[in-house]
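Enquirer: Here is what each chain is made of, one letter per residue.
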Amino acid sequence: MMNGTWKVDARDGKLAMAHIYVAFVALALGGLAGLLQVLVRSGKFELPAGISYYTILTTHGVLLGLVLTTFFIIGFQFAAVSRTAGTLSDRVRFWGWVGFWLMTIGTAITAFYILIGEASVLYTFYAPLQAHAGFYIGLTLVVVGSWISGFAMFAHYAKWKKAHPGQVSPLLTFMSVVNMILWLICSLGVAATVLFQFIPWSLGYVDRINVLVSRTLFWYFGHPLVYFWLLPAYMIWYAIIPKIIGGKMFSDSLARMSFILFLILSIPVGFHHQLVEPGIDPVWKYLQVVLTFMVVIPSLMTAFSMFATFEMYGRSKGATGLFGWLRKLPWGDARFFAPFVGMLFFIPAGAGGLVNASHQLNQVVHNTIWVTGHFHLTLATTVVLTFFGAAYWLIPHLTGRVMTKAMNRLAIIQTIVWSIGMIFMSSAMHFAGLLGAPRRSAFSTYGDAPQALEWIPYQIAQAVGGTILFIGIILVLIIVTNLAFFAPKGETEFPVAEVAEQAERTPLVFENWTLWIGIAVVLILIAYTVPFIDMIQNAPPGSKGFKLW
Amino acid sequence: MKTQLNTNTPKTKVEKEPALKGTLASVLFLGFFLIFTWVSVYFLFLNRL
Chain F
139 MMNGTWKVDA
149 RDGKLAMAHI
159 YVAFVALALG
169 GLAGLLQVLV
179 RSGKFELPAG
189 ISYYTILTTH
199 GVLLGLVLTT
209 FFIIGFQFAA
219 VSRTAGTLSD
229 RVRFWGWVGF
239 WLMTIGTAIT
249 AFYILIGEAS
259 VLYTFYAPLQ
269 AHAGFYIGLT
279 LVVVGSWISG
289 FAMFAHYAKW
299 KKAHPGQVSP
309 LLTFMSVVNM
319 ILWLICSLGV
329 AATVLFQFIP
339 WSLGYVDRIN
349 VLVSRTLFWY
359 FGHPLVYFWL
369 LPAYMIWYAI
379 IPKIIGGKMF
389 SDSLARMSFI
399 LFLILSIPVG
409 FHHQLVEPGI
419 DPVWKYLQVV
429 LTFMVVIPSL
439 MTAFSMFATF
449 EMYGRSKGAT
459 GLFGWLRKLP
469 WGDARFFAPF
479 VGMLFFIPAG
489 AGGLVNASHQ
499 LNQVVHNTIW
509 VTGHFHLTLA
519 TTVVLTFFGA
529 AYWLIPHLTG
539 RVMTKAMNRL
549 AIIQTIVWSI
559 GMIFMSSAMH
569 FAGLLGAPRR
579 SAFSTYGDAP
589 QALEWIPYQI
599 AQAVGGTILF
609 IGIILVLIIV
619 TNLAFFAPKG
629 ETEFPVAEVA
639 EQAERTPLVF
649 ENWTLWIGIA
659 VVLILIAYTV
669 PFIDMIQNAP
679 PGSKGFKLW
Chain L
168 MKTQLNTNTP
178 KTKVEKEPAL
188 KGTLASVLFL
198 GFFLIFTWVS
208 VYFLFLNRL
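Protein chains in written order, with the working numbering: chain F, 139 to 687; chain L, 168 to 216.
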């Protein structure tokens, strides 16, 4: 890679590792909360000492959905831009640390208010549920910290571009920049609702909140948020996995094109989370559903590209027959195996996503635990297994160690344990959801209603799956601790793939940011302006805050 | 009579496209699975109308 370095500079490595440590601490605590939840939901256990189910549910969602992801992603991306576009300048690194500390302090504040039971509002913090102002202020610091880190990455990219006029930027740097632009544009929505609605309302400056506006701003942020999680997994699939298997990338242009499509299309789609919500004209819901289905295209492009990469590699090793190439893949290498299993799980995850986003089908599954099952396939399997797979080379690369064969074997076992646990838990969630079992709810037989009694076997299966997943968490924490502190000293490669010889040259147009951000903004304005004006002009009186826990 | 038109044109090197039959089969399976899931839940929706 042009101007890249073989090894991430030790100072940049420290910055990346700081993020990764917080991410895995969040995994430990959030995972424990998850275990408690599935046990409660089975109906066989109760939480001790009057701890509320909703407190641990909020802990689980915030720590795993927001903290684990954001910290791992920013740490990984700092390492990736340092590796491919050269060592960070002192200034960029300084701002990276500022971002890190703001995010960490924000997380600590938010976690404090959740744990003392003042913020059991779940990670979506829907109004009119009202948390202590500290919860929202802490989240604001997390978002502001991530913005600072994003701008630090932009500055590093700009410096590279200045030093290499007319050249195509390194793929991983380009992808990190796209992901941070996406994050910046979408998090404006959550910043707006938190700063202008939730904080004044929770501090008592205003009595009432416009619920629909707050939910719309949240989902303006909330759906691209899932792409902010997914794109780093795609970075690993496109630009790193081909190198790990010993092959080449199918096409650099296709990878960039899919990322640009995500940037353009993944934001004006939030209404597909609000399909049953009154107060939004169906025309605008329809438009956003159409846009949602267009976001499927870059994911299908990614699927094609991955299959093609694997097949090209297998055939170069002499594979024959329709699927002979599958046998040539390095199944014993956890750096490949964990992300590959993540890819497989993305097939049912994507299928479930199409169901969620279709207006009529959404009525079958809306607010049921099907959605939770879907979410655990996309984020908690596809994305997380890919991140685990990346941690297996990234952590030893940054700490100057090597993964032993025993740890690699444990990582393979971890992936299998995770898959078994998730098949139990997520399938049970999907089926129970189709039978009407609600999400975001503690155990209840609803007055022994026959329908609710039907859900119980599935809830027990969820508990079995969740327990197996918790074993998976313990295993990955053992591996990560080993790689960070105890593995033998040595040098581990930060793999970056080369492009296949027959691939077309990458056009520079992919870095015409004015064009792509311009299109993204226009689409957002088309999809949101009229319904948003409608929500404000025809707003009901607004709601007082409720603390139902 | 045999045409002579092409005899003097320089031979262009035809690059061999990689054989991606397995990829085609895989993406077709993927597409089928997406449609199957969607239609299954759609029928459930119709059933509950």
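Derived from the structure by calculation, the hints contain no laboratory data.
Keep in mind that a hint or two might mislead.
Unchecked claim - Derived BS3-like pairs: lysine-lysine, alpha-carbon spacing no greater than 25 Å straight-line:
1) L:188 - F:455
2) F:466 - L:188
3) F:543 - F:627
4) F:152 - F:627
5) F:297 - F:466
6) F:297 - F:182
7) L:188 - F:386
8) F:299 - F:145
9) F:455 - F:386
10) F:381 - F:182
11) F:466 - F:381
12) L:188 - F:381
As the list claims (entries may be wrong) - Restraint ranges, calculated between C-beta atoms of paired labels, are given here:
13) L:210 - F:544: 30 to 36 Å
14) L:186 - F:144: 32 to 38 Å
15) F:588 - L:210: 22 to 28 Å
16) F:299 - L:211: 30 to 36 Å
17) F:304 - L:210: 53 to 59 Å
18) F:663 - L:211: 33 to 39 Å
19) L:203 - F:587: 27 to 33 Å
20) F:254 - L:185: 58 to 64 Å
21) F:182 - L:203: 48 to 54 Å
22) L:195 - F:580: 41 to 47 Å
Claimed, not checked - Pulled a few chain F residues facing chain L out of the computed Cβ check, cut under 7 Å:
23) 189
24) 191
25) 441
26) 446
27) 450
28) 458
29) 460
30) 489
31) 492
No residue lacks a Cβ here, since even glycine has one placed at the ideal position from N, Cα and C.
Enquirer: Confirm or reject each hint.
Expert: Now for the hints, and whether the structure bears them out:
Simply put, residue 188 (chain L) and residue 455 (chain F) have alpha-carbon atoms about 16 Å apart, close enough for the 25 Å limit, and the pair holds. About 16 Å separates the Cα atoms of residue 466 (chain F) and residue 188 (chain L), which keeps this hinted pair within 25 Å; it holds. Taking the CA atoms of residue 543 (chain F) and residue 627 (chain F), the gap is about 14 Å. The hint holds against a cut of 25 Å. Simply put, residue 152 (chain F) and residue 627 (chain F) have alpha-carbon atoms about 16 Å apart, close enough for the 25 Å limit, and the pair holds.
With a C-alpha separation of about 41 Å, the suggested pair residue 297 (chain F) and residue 466 (chain F) falls outside the 25 Å cut-off, and the hint is violated. Distance restraint check for residue 297 (chain F) and residue 182 (chain F): the Cα-Cα separation of roughly 58 Å exceeds the 25 Å cut-off, and the hinted pair is therefore not satisfied. Proximity of residue 188 (chain L) to residue 386 (chain F) is assessed by CA-CA distance (about 18 Å); at most 25 Å being required, the pair is judged to hold. A threshold of 25 Å between alpha carbons decides the hint, and for residue 299 (chain F) with residue 145 (chain F) the separation of about 21 Å falls inside it, so the pair holds.
Distance restraint check for residue 455 (chain F) and residue 386 (chain F): the Cα-Cα separation of roughly 13 Å lies within the 25 Å cut-off, and the hinted pair is therefore satisfied. Only pairs whose Cα atoms come within 25 Å are accepted, and residue 381 (chain F) paired with residue 182 (chain F) is rejected, the gap being roughly 47 Å. Under the criterion of a C-alpha separation no larger than 25 Å, the hint pairing residue 466 (chain F) with residue 381 (chain F) is consistent with the structure, at around 14 Å. Proposed proximity of residue 188 (chain L) and residue 381 (chain F) is supported: the alpha carbons are some 22 Å apart, at most 25 Å.
Checked against the hint of 30 to 36 Å, the pair residue 210 (chain L) and residue 544 (chain F) fails, with Cβ atoms roughly 49 Å apart. The given range of 32 to 38 Å is respected by residue 186 (chain L) and residue 144 (chain F), whose C-beta atoms sit roughly 34 Å from each other. For the hinted restraint 22 to 28 Å between residue 588 (chain F) and residue 210 (chain L), the CB-CB distance of approximately 23 Å keeps it satisfied. Our hint of 30 to 36 Å for residue 299 (chain F) and residue 211 (chain L) is violated, since their Cβ atoms are close to 52 Å apart.
At roughly 55 Å, the beta carbons of residue 304 (chain F) and residue 210 (chain L) sit within the given window of 53 to 59 Å. For residue 663 (chain F) paired with residue 211 (chain L), a C-beta distance near 37 Å keeps the hint of 33 to 39 Å intact. Checked against the hint of 27 to 33 Å, the pair residue 203 (chain L) and residue 587 (chain F) passes, with Cβ atoms roughly 32 Å apart. In this structure the supplied range 58 to 64 Å holds for residue 254 (chain F) paired with residue 185 (chain L), their Cβ-Cβ distance being about 59 Å.
Between residue 182 (chain F) and residue 203 (chain L) the CB atoms are about 35 Å apart, so this pair departs from the stated range of 48 to 54 Å. Roughly 43 Å separates the CB atoms of residue 195 (chain L) and residue 580 (chain F), a value that falls within the hinted 41 to 47 Å. Here the hint on residue 189 (chain F) is broken, as its CB sits about 36 Å from the closest CB of chain L, past 7 Å. With a cut of 7 Å, the hint placing residue 191 (chain F) at the interface with chain L is violated, because the nearest CB-to-CB distance is about 29 Å.
Among the interface hints, the one on residue 441 (chain F) holds; its C-beta lies about 6 Å from the nearest C-beta in chain L, closer than the 7 Å criterion. The beta carbon of residue 446 (chain F) comes within 5 Å of a beta carbon in chain L, closer than 7 Å, and the hint placing it at the interface holds. The interface hint given for residue 450 (chain F) is met, as the beta carbon of that residue sits about 5 Å from the closest beta carbon of chain L, less than 7 Å. Interface restraint check: residue 458 (chain F) against chain L, minimum CB-CB distance 10 Å, threshold 7 Å, status violated.
Restraint check, residue 460 (chain F) versus chain L: the minimum CB separation of about 5 Å is within 7 Å; hint holds. This hint holds: residue 489 (chain F) has a C-beta 4 Å from the nearest C-beta of chain L, less than the 7 Å allowed. A hinted interface residue such as residue 492 (chain F) counts as satisfied when its beta carbon comes closer than 7 Å to some beta carbon of chain L; here the least separation is about 5 Å, so the hint holds.
The structure fails hints 5, 6, 10, 13, 16, 21, 23, 24, 28 (numbered hints given earlier, in ascending order).
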